[in-house]
Amino acid sequence: MRSLVIDRSSGRPSVAIFEDNEYVCEKVWDGEPIRAPAWMAELSDLFAEYGWNGASFDAFVCGLGPGSFSGIRACLSALQGLALPDGKPVYGVASAAALALGQAEGAERVTVVGDARRNRLWCITYEVGPAAAQVRMPGGGLPTHTAEDFQLVPSDALGRAVPDATRIVSADWERLEPLLRATFAAERLVARKVYPAAADVGRLALALPASRVREPLPIYLHPAVAAAAG
Numbered sequence: 674m675r676s677l678v679i680d681r682s683s684g685r686p687s688v689a690i691f692e693d694n695e696y697v698c699e700k701v702w703d704g705e706p707i708r709a710p711a712w713m714a715e716l717s718d719l720f721a722e723y724g725w726n727g728a729s730f731d732a733f734v735c736g737l738g739p740g741s742f743s744g745i746r747a748c749l750s751a752l753q754g755l756a757l758p759d760g761k762p763v764y765g766v767a768s769a770a771a772l773a774l775g776q777a778e779g780a781e782r783v784t785v786v787g788d789a790r791r792n793r794l795w796c797i798t799y800e801v802g803p804a805a806a807q808v809r810m811p812g813g814g815l816p817t818h819t820a821e822d823f824q825l826v827p828s829d830a831l832g833r834a835v836p837d838a839t840r841i842v843s844a845d846w847e848r849l850e851p852l853l854r855a856t857f858a859a860e861r862l863v864a865r866k867v868y869p870a871a872a873d874v875g876r877l878a879l880a881l882p883a884s885r886v887r888e889p890l891p892i893y894l895h896p897a898v899a900a901a902a903g
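Here my numbering is used: the first residue of the sequence shown is 674, the next is one more, and so on.
You can trust all of the hints, since none of them are fake.
What follows is a list of derived Cβ distance ranges for each label pair:
#  : residue 1 : residue 2 : range
1  : E847      : E715      : 21 to 31 angstroms
2  : E692      : A804      : 16 to 26 angstroms
3  : A883      : E699      : 21 to 31 angstroms
4  : D837      : E692      : 32 to 42 angstroms
5  : M674      : G813      : 21 to 31 angstroms
6  : A859      : Y723      : 39 to 49 angstroms
7  : M810      : E847      : 24 to 34 angstroms
8  : G814      : S717      : 36 to 46 angstroms
9  : G724      : V701      : 16 to 26 angstroms
10 : R746      : E715      : 15 to 25 angstroms
In silico DMTMM-like links for lysine to aspartate or glutamate, alpha-carbon gap of 25 angstroms or less:
#  : residue 1 : residue 2
11 : K700      : E722
12 : K866      : E847
13 : K866      : E778
14 : K761      : E699
FYI, nobody ran anything at the bench for these hints, they're computed from the structure. Just so you know, even glycine gets a beta-carbon here, dropped at the ideal spot from N, CA and C.
Work out the full structure, taking the sequences as your base and the hints as a guide.
Written out as structure tokens, the structure is:
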């Protein structure tokens with residue numbers, strides 16, 4: 674089974690291709706504007722290098738965020754368009770889960786923090802098993818890869834919402850650095866901006882099929898869809 678995996682939730686979009694569970698290749702658009710229309714043409718060029726086209730794939734996977742709603746929506750639309758002619762499946766997993774997997778570096782628990790706007794932050798803590806390419810919720814349950822997994826908190830409640838002794842990462846480091854440094858010990862922080870990778874999105878989706886979302890939607894967090902803590 675050949676799978677095409679795309680994540681466009683951040684300012685560093687990427688695509689990865691897998692044969693069964695084996696990683697084949699990846700392309701990263703470093704610094705590409707999230708709405709740039711040329712990415713589909715570059716994707717076609719990548720396919721051509723291997724003699725593929727859209728019909729060459731058996732399954733499609735999208736990183737669902739949280740992140741750039743327009744980027745995630747464009748990704749889903751593109752993958753659904755490729756999947757539709759032959760009725761092939763489109764799956765999704767949270768980009769935050771992929772970020773936790775990619776940045777664990779030996780930590781058993783990773784908390785991902787992001788800017789939810791509207792004077793709110795979102796956060797989620799995963800138990801990470803890099804060797805098995807799996808993440809679980811605290812206590813061992815499977816993530817739903819939907820908004821239900823996430824906490825939405827005021828900035829002054831972040832410290833209370835995050836468990837002790839987790840590794841802290843954020844794709845919004847440039848905006849959140851002062852707050853994160855004031856809230857958490859320096860040794861817990863990945864003190865740079867980090868991005869979810871399509872390769873990690875694919876690893877999660879393939880390693881734990883039961884948790885990936887069929888008929889996925891972008892993860893969008895705001896007070897109407899996620900209960901604020903604190």
